[in-house]
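Peer 1: Make the full structure from the sequences, and use the hints.
Protein chains in written order, with the working numbering: chain A, -19 to 139; chain B, 67 to 362; chain C, 23 to 763.
Any given hint might turn out to be false.
[Unchecked claim] Ranges between beta-carbon positions, derived for each pair:
| no. | chain 1 | residue 1 | chain 2 | residue 2 | range |
| --- | --- | --- | --- | --- | --- |
| 1 | C | D80 | B | E91 | 32 to 38 Å |
| 2 | B | D225 | C | E160 | 39 to 45 Å |
| 3 | A | A98 | B | L135 | 28 to 34 Å |
| 4 | B | D225 | A | D104 | 41 to 47 Å |
| 5 | C | E569 | A | D131 | 36 to 42 Å |
| 6 | B | D225 | C | E147 | 35 to 41 Å |
| 7 | C | D196 | B | G118 | 56 to 62 Å |
| 8 | C | P103 | A | A98 | 53 to 59 Å |
| 9 | A | R99 | C | A529 | 42 to 48 Å |
| 10 | B | R244 | A | D104 | 26 to 32 Å |
| 11 | B | L135 | A | D105 | 28 to 34 Å |
| 12 | C | D95 | B | K114 | 29 to 35 Å |
| 13 | B | T216 | C | S156 | 53 to 59 Å |
[Claimed, not checked] A short, non-exhaustive set of chain C residues, derived as facing chain B with CB atoms under 10 Å:
| no. | residue |
| --- | --- |
| 14 | E669 |
| 15 | I686 |
| 16 | V687 |
| 17 | M691 |
I should point out that these hints are in silico values taken from the structure, not numbers from a laboratory.
For every residue, glycine included, the Cβ atom is placed at its ideal position computed from N, Cα and C.
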Amino acid sequence: MKVSFRLNGETRSIESAPLDRLLDVLRRDLGLTAAKEGCGEGECGACSVFLDGVLVCSCLVPMAQVRGRSVETLEALTRPGAPLHPLQRLLIETDGSQCGFCSPGMIMAGVDYMRRLARGEVEDDHEARLRAIAGNICRCTGYTKIVEAIDRAIEEAGP
Amino acid sequence: MSRGRDEVEVLAPSSLREAVQVLAEVGAEAIPLAGGSDLMVAFRDVSKLPRGFVLDLLGLEPELRGIELVEDEVQIGALTTVDDILHSSLLAAEARPLVEAARCFGSTQIRNRATIGGNVMNGSPAADSLPALLALDARVTLLSSEGPRTVPLYSFYADYRRPVAKPSELLVSIRIARAPANPIESFRKVAARRAQAIAKVILAGRAWDVRAEEEGVRIGEIRLAAGSVGPTPMRLFETERILRSELLGPRLAAEAVAVLRSEITPIDDLRSTAAYRRLVAGRLLEDFLGSLLLQA
Amino acid sequence: MTERAMRLVGNRPPQVQARERVTGEAQYVDDLAIPGLWHGVTLRSPIARGRIVEIEPDPDFDWSRVVLVDARDLPGRNVLPLILDDQPVLAEREIRHPFEPVMLIAAPDRALALEARNRLNLRYEAKPIAVEISDALEARVKVFGEDNVFKQIDIAKGDLEAGFAAATIELERDFWTGPQEQLYMEPQGMIAAWEGDQLVLRGSLQCPYYVQAAARAVFGLEPEQVRVIACELGGGFGGKEEYPSLLAVHAALLARKAGRPVKMVYDRAEDMQATTKRHPSQTRIRAGIDAEGRLTALAVDLVLDGGAYCTLSPVVLSRAVLHAGSAYACPNVAVRGRVVATNTPPNGAFRGFGAPQALFAMETMMDLLARAAGLDPLEMRRRNALRAGDETSTGQVLEQAAAADVLERAAEAADFRARRELYDRPQTGSIRRGIGLSLIMHGCGFTGAGESRLKGRLTLDLDARGEQLLVQVRTGSTDMGQGMRTTFKQLAAEILGLELDEVEVAAQDTALVPDSGPTVASRTLMIVGGLVARAARQALTSLGLEEGAGAEALRLALAGRGRLEIEEVHEPPATLFDEDHYRGQAYPSWGYACTICEVEVDMTTFEPRIVDVVTCQDVGRAIHPGIVEGQIQGGIAQGLGYAAFEEVQMHDGAMVNANFNRYIVPTAMDLPPIRVLLHESGQGAGPFGAKGIGEMPVDGAAPAYVSALAQALRTSFRELPVTPEAIAESFLRPRPGKADA
Ligand SMILES: Cc1cc2nc3c(=O)[nH]c(=O)nc-3n(C[C@H](O)[C@H](O)[C@H](O)COP(=O)(O)OP(=O)(O)OC[C@H]3O[C@@H](n4cnc5c(N)ncnc54)[C@H](O)[C@@H]3O)c2cc1C
Ligand code: FES
Ligand code: FES
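Peer 2: Below, the structure written as structure tokens:
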């Protein structure tokens, strides 16, 4: 089936089976490999992307449900050559990315929280920040530095 | 022989009428798909793919997503997401246990996609929303081309993950009782970690019309429900009855805990043990009864 | 060494590839686009032990679309070479563990390969199995030799019975630990391609030269005929030390038969079921202390479960026995270690490598001894901590020992004394609290004479022929998130007087870099980093320059010859350690760490919550403190997972909870911020006095956690992990014999 959708701001039309996973289409067919497969079951968050602005696990989204919608991946967060998103920069500064396999998903989850915060949709506190990334498993860092990066990014963004 | 995933067709009706029409024709051959957080995991095993096709419900969001007051009940559309529930001010006022269930449900990513209808229809005994819904006197409304019917949630599951809905029926909404005056409510989920975890034990409760009397506390009305302690989520009718029968004090509390422990039928599985579940379910009830004594 | 102020060592520059990692540009093996690639999958044994009768292909399937490989496709011996050469590449007749690879299938797409696998019917005859350590020791089922013992190691020092005679308190206790899954976030993956008569392997792997050696042996190739490239690595933790060799050989067999490149990437369930885990253990400790609470005698009998094949188990065992006494002085010691064979998938390398098992037992024993002596855990450790000049169990005299320093610093930062006393008072209510502590030491680098055999190499290349000076470090060490590339750049740039971006670390490709030895055993910075420093100093010396010379001076000095290549080899004398008697210098440096953990237990549900973690670790020198802290925090998180969450559930030798929602690792909500104090003694054997710190952080977390839990609940736990179910059990049925508790 032909699926048309917006991908990182551009309209794309591709041939795919309706139950193909968005993750596979991104990685295999479109060459966008920032989203990773850590589990394929929605448990690890490495495959996180935005679907119509909502954070989802792309390993659980069938292409049939992408039709006519808009998908944003980590690739859209920073255009080549452009400065990094503050959370990306801070993840580097705090050494919050070790092997980096969780980082794309973790950044998407952090950015989602910051966007919801900016839209006034969340009540911000320490626990809410942790909850926001609890669907993203990191095996390297113990989370301390990741949380520090998120704290600093929120602080920089100001009230 | 099973088919490959790329051979399965997906139909996407754009109205509820169209959807039930399709189901009337080929219900047994189709699997409805909402947020996919159960189905897409299941479909990893090709033997779980439908013989016919998948019926994508997301086109029905305009009709089936939303939370509103209808008569004297709160109506939650089947496609309402768990995240919608978490952020609903109406539910915060009327259905705290359900909001608590939403809070500890999965992760952000899962809450964004998981629908309440999917949770009900998937019917896992460990589903977070179900004990809360049971404690809130939920009724589910099913629709087929022959019209709607409403079933109380406590009689909705025939067996392990077997809702009584027919293949030709869609779940369209869930209705719950509004909060009574001064309810005392609780929702506790016990799991292996603090997020992204499937429950080992859940206990949800709502009591109202609770009055302190000289000899103890009189419980006018109480609803109790538990998850992960039997083949289906369970309304704890026996335990409720005992608690309404006399004044609440240490003796009745102990009796109620004993009744609860015999009412549930937990098993040993990969997530926990029957002994732990039985023990903890009882202690959660003790805790809830303690808060009744304090708040009455 | 010159007392020059350091420009780069001790700084926190952005890590190499960090930008690529946070933008998603970093290329992990499954991200590579290789034209014409086929996908490979593995048919595995469904039983733990038996005989393959037949593999029947479904006649209704079109087999021309796929390629099948079985043991007959091997060009030579069916052996994956490692220590014992006992593991077949593919099971031929005998099955010795669940999920043992039997056949390989490749197809143009993965779905087809999986479909083909479903159409293969493996018929077998099952045989009796041995899956527990106790089964192995009974040896009714013989998995290996006559007694199922892969290896036994004994350490003896002093006069044990005299030591016990001098003791006023003597205890004997058993301890158990379960398996643990590495759970690197990136599953195992490999791409094999035959380019002419050269085999090119790209993969997620820690040790390119291990993979090369395995592929050479299986295919009978010369070194230059096997090129191994380590892709960006999504975590390893030991799980990608030896296992990728098997995967590489599998992918290469398929690629050879298919005549095109083949990729094998495991899905998560397969990765958890089939690949190595931390060795389960069973340890009995008998210990005596005198009236002052000082150890007089220590007898340890430790058994590890190696699984069906030997793999690296003897080396794991070696580290376990060498860590059995933890960081304490004891004049009379006897340690017996054995690693036994069972019908479970082979266990293997996992960060800590035998030490966490031994240290959990010994540290928990120290708490039990303290209780028996009426001392608090801190005081008990104060009295026994190794000090400079003391001797380890192998008679290694320590020139430096920071055990007491890290103990005091951590205890102060955590306010240990006061909190311990507070929580010793009667507690009521629905939350119980406890605080616990561990003190451990970890041997940095390969055990004993290992380094002398390895002879790790490294090349430093200075090239002034172009417009710019090019300085390149070439090493076969890999960067799996531990920051090797960044740290090596810092070292070279510091010594040569260059800016960081004037030094480059070559890709980890056997065609470009020498064999620096495997990236394991906390040796990379200390040993291979030491070679970086040596090479840089050697370059300066041969150019007649001073340390910190700088780019201009280097260019001038190089003007004549244009280019200078320095190769350094690490060749410590083999005589420092006597492997036959386990005497002498077991490790060039020991690191010391004290970890303190505070927990709360909800008495309604028996759910524990970790509320604070403080650790002080002697890292020698932190070349990049951000990297070091990250290693420590991540290691502690894994250690806490080991203690509190991670339970590999086995049925008939097979893992039955092989996915992320049944095998539970901590999320961000389950861990408090992990507070790290770096103790920089500057006395490690590595560059600028650095020690290896990759593994040490894992060691002390579990005993500290269990110690806290034991205080909160007024009992003791001697088995890992401690689940809420186990806590509830201990509450309902306090162990008989309160001497224990
Ligand atoms: C990582 C992860 C974490 C999870 N965590 C939790 C958790 O913490 N708590 C919990 O309770 N669950 C959890 N789940 C399970 C799942 O998210 C829930 O059951 C969810 O509510 C399912 O909703 P859905 O819309 O995704 O359903 P789908 O997967 O789309 O469908 C589920 C089932 O319901 C049927 N169905 C859906 N809608 C209708 C309808 N309107 N009419 C008729 N049939 C319908 C489908 O045919 C299917 O059988 C988790 C799942 C994952 C993958
Ligand atoms: S790969 Fe999608 S959540 Fe793990
Ligand atoms: S940095 Fe490796 S998994 Fe998070």
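Peer 1: Are the hints correct? Go through all of them and say.
Peer 2: Structure-based check of each hint:
Roughly 34 Å separates the CB atoms of D80/C and E91/B, a value that falls within the hinted 32 to 38 Å. Our hint of 39 to 45 Å for D225/B and E160/C holds, since their Cβ atoms are close to 43 Å apart. Our hint of 28 to 34 Å for A98/A and L135/B holds, since their Cβ atoms are close to 31 Å apart. Checking the proposed 41 to 47 Å range against D225/B and D104/A shows it holds: the Cβ atoms sit about 44 Å from each other.
Roughly 40 Å separates the CB atoms of E569/C and D131/A, a value that falls within the hinted 36 to 42 Å. The supplied range of 35 to 41 Å is met by D225/B and E147/C, whose beta-carbon atoms lie about 37 Å from each other. Distance hint check for D196/C and G118/B: the Cβ-Cβ separation is about 58 Å, which falls inside the suggested range of 56 to 62 Å. A hinted range of 53 to 59 Å holds for the C-beta pair P103/C and A98/A, which are about 58 Å apart.
At roughly 43 Å, the beta carbons of R99/A and A529/C sit within the given window of 42 to 48 Å. Take R244/B and D104/A: their Cβ atoms lie about 30 Å apart, and the range 26 to 32 Å holds. Checked against the given bound of 28 to 34 Å, the beta carbons of L135/B and D105/A, roughly 30 Å apart, stay inside it. Take D95/C and K114/B: their Cβ atoms lie about 34 Å apart, and the range 29 to 35 Å holds.
Checking the proposed 53 to 59 Å range against T216/B and S156/C shows it holds: the Cβ atoms sit about 58 Å from each other. Taking 10 Å as the C-beta cut-off, the interface hint given for E669/C holds, the closest approach to chain B being about 9 Å. The beta carbon of I686/C comes within 4 Å of a beta carbon in chain B, closer than 10 Å, and the hint placing it at the interface holds. Here the hint on V687/C is kept, as its CB sits about 8 Å from the closest CB of chain B, short of 10 Å.
At a threshold of 10 Å, the smallest CB-CB gap from M691/C to chain B is about 4 Å, leaving the interface hint in force.
The structure fails none of the hints (numbered hints given earlier).
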